[in-house]
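Chains A and B supply the protein sequences, listed in that same order.
Start counting the first sequence at 1; every next residue gets the next number (my numbering).
Start counting the second sequence at 146; every next residue gets the next number (my numbering).
Read the hints as simulated data drawn from the structure, not as lab findings.
Computed from a predicted model, the values in this text were never measured in an experiment.
Yeah, the Cβ is synthetic: ideal placement off N, Cα and C, and Gly gets one too.
Hints may contain errors.
Ranges of calculated distance between the beta carbons of each label pair, as one might list FRET restraints [said to hold, decoys possible]:
hint : chain 1 : residue 1 : chain 2 : residue 2 : range
1    : A       : Asn12     : B       : Asp285    : 46 to 52 Å
2    : A       : Ser44     : B       : Glu172    : 25 to 31 Å
3    : B       : Val239    : A       : Pro138    : 55 to 61 Å
4    : B       : Ser313    : A       : Ser44     : 28 to 34 Å
5    : A       : Lys25     : B       : Thr176    : 30 to 36 Å
6    : A       : Met1      : B       : Ala157    : 34 to 40 Å
7    : A       : Pro113    : B       : Gly275    : 45 to 51 Å
8    : B       : Asp223    : A       : Lys25     : 44 to 50 Å
9    : A       : Val106    : B       : Pro180    : 48 to 54 Å
10   : A       : His99     : B       : Asn329    : 53 to 59 Å
11   : A       : Pro138    : B       : Lys328    : 49 to 55 Å
12   : B       : Pro337    : A       : Lys36     : 32 to 38 Å
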Amino acid sequence: MTVHNLYLFDRNGVCLHYSEWHRKKQAGIPKEEEYKLMYGMLFSIRSFVSKMSPLDMKDGFLSFQTSRYKLHYYETPTGIKVVMNTDLGVGPIRDVLHHIYSALYVELVVKNPLCPLGQTVQSELFRSRLDSYIRSLPFFSARAG
Amino acid sequence: MAIFSVYVVNKAGGLIYQLDSYAPRAEAEKTFSYPLDLLLKLHDERVLVAFGQRDGIRVGHAVLAINGMDVNGKYTADGKEVLEYLGNSANYPVSIRFGRPRLTSNEKLMLASMFHSLFAIGSQLSPEQGSSGIEMLETDTFKLHCFQTLTGIKFVVLADPRQAGIDSLLRKIYEIYSDFALKNPFYSLEMPIRFIAGALCLHTNPLLQET
Chain A
1 MTVHNLYLFD RNGVCLHYSE WHRKKQAGIP KEEEYKLMYG MLFSIRSFVS
51 KMSPLDMKDG FLSFQTSRYK LHYYETPTGI KVVMNTDLGV GPIRDVLHHI
101 YSALYVELVV KNPLCPLGQT VQSELFRSRL DSYIRSLPFF SARAG
Chain B
146 MAIFSVYVVN KAGGLIYQLD SYAPRAEAEK TFSYPLDLLL KLHDERVLVA
196 FGQRDGIRVG HAVLAINGMD VNGKYTADGK EVLEYLGNSA NYPVSIRFGR
246 PRLTSNEKLM LASMFHSLFA IGSQLSPEQG SSGIEMLETD TFKLHCFQTL
296 TGIKFVVLAD PRQAGIDSLL RKIYEIYSDF ALKNPFYSLE MPIRFIAGAL
346 CLHTNPLLQE T
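The shape of chain A in the complex, shown without the other chains:
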């Protein structure tokens, strides 16, 4: 059980943060394009899901899985999107993604007067706290598995 990578997007599609832990295959396109493709895919999935749903939705799109990985999604009402790719053994982790938003992003970036919003987060504190939080998760194993 492991975490492959994590993306953080804002409401305009700007990738605020990206980190990876165990990623075996790169997308084959430059990083900037990969962020745009990921954001575009999530935007389309959200629109697809809201049309397809037979009942009124509350939380919306939660996750999807393929034969090799699972993508978990959490969006705040302000449009901040937390996206985490893990392997298949991981269950619902909405509370983990919410913690990343509320206890890490809001506390260390939004409340920091020196961190400009709407751009990639440069804060080293945020990066290191996020890294140690992910490594402390019960489903993160240090050896790539």
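Here the structure of chain A is known, so what remains is to put chain B in place on it, guided by the hints.
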């Protein structure tokens, strides 16, 4: 009904078969007096609620019927424009039924193609080698399961999130498809399945009722 719908998508992304089997969605009918306290807007040939959510009427719900008569897109059953009709105080009090809009067949075609592309992007953005496309997509109201055959046909089933056994249902639908469509000498591959709609319905309905 635990299974909401079934879609079969060909390898080019076109929808070739579609079956809906969910019960009517939640609808709310209320009597209103002038002026209407909801803000309505015209979107995609339908009149939707833009603002003023209350009492079971949510933003995004469409006007389904006025005074008991079903509306036809943006026109009432008599051919008048809905927004104009509701803007005229002489027509009040009026009883309007709101609910989640049903998908038109055009929209289903577009959604099927959209899913076809999303499936491929899911595979491209994979952090692991050898990933397939999206096999299961989960939301809080439904779960979408997709099975792609070796020939590129996708069988997509929308079901209740707690429903189990969809994998075997997908395999069974594939079996029915190969028995009734592929073995039919008059069926052209990748084309919409119309002639066996009856047979497929007949076979999938017992399956859907079992699950």
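Outcome of the hint check:
1. A/Asn12 x B/Asp285: 46 to 52 Å: 26 Å, violated
2. A/Ser44 x B/Glu172: 25 to 31 Å: Holds: the Cβ-Cβ distance is about 28 Å, inside 25 to 31 Å.
3. B/Val239 x A/Pro138: 55 to 61 Å: Cβ of B/Val239 to Cβ of A/Pro138: about 57 Å, so the range 55 to 61 Å holds.
4. B/Ser313 x A/Ser44: 28 to 34 Å: 29 Å, holds
5. A/Lys25 x B/Thr176: 30 to 36 Å: At roughly 59 Å between Cβ atoms, B/Thr176 and A/Lys25 fall outside 30 to 36 Å, so the hint is violated.
6. A/Met1 x B/Ala157: 34 to 40 Å: Since A/Met1 and B/Ala157 have Cβ atoms about 37 Å apart, the given range 34 to 40 Å holds.
7. A/Pro113 x B/Gly275: 45 to 51 Å: Since A/Pro113 and B/Gly275 have Cβ atoms about 46 Å apart, the given range 45 to 51 Å holds.
8. B/Asp223 x A/Lys25: 44 to 50 Å: 60 Å, violated
9. A/Val106 x B/Pro180: 48 to 54 Å: Cβ of A/Val106 to Cβ of B/Pro180: about 41 Å, so the range 48 to 54 Å is violated.
10. A/His99 x B/Asn329: 53 to 59 Å: 55 Å, holds
11. A/Pro138 x B/Lys328: 49 to 55 Å: 51 Å, holds
12. B/Pro337 x A/Lys36: 32 to 38 Å: 34 Å, holds
Comparing the model with each numbered hint stated earlier shows that hints 1, 5, 8, 9 do not hold.
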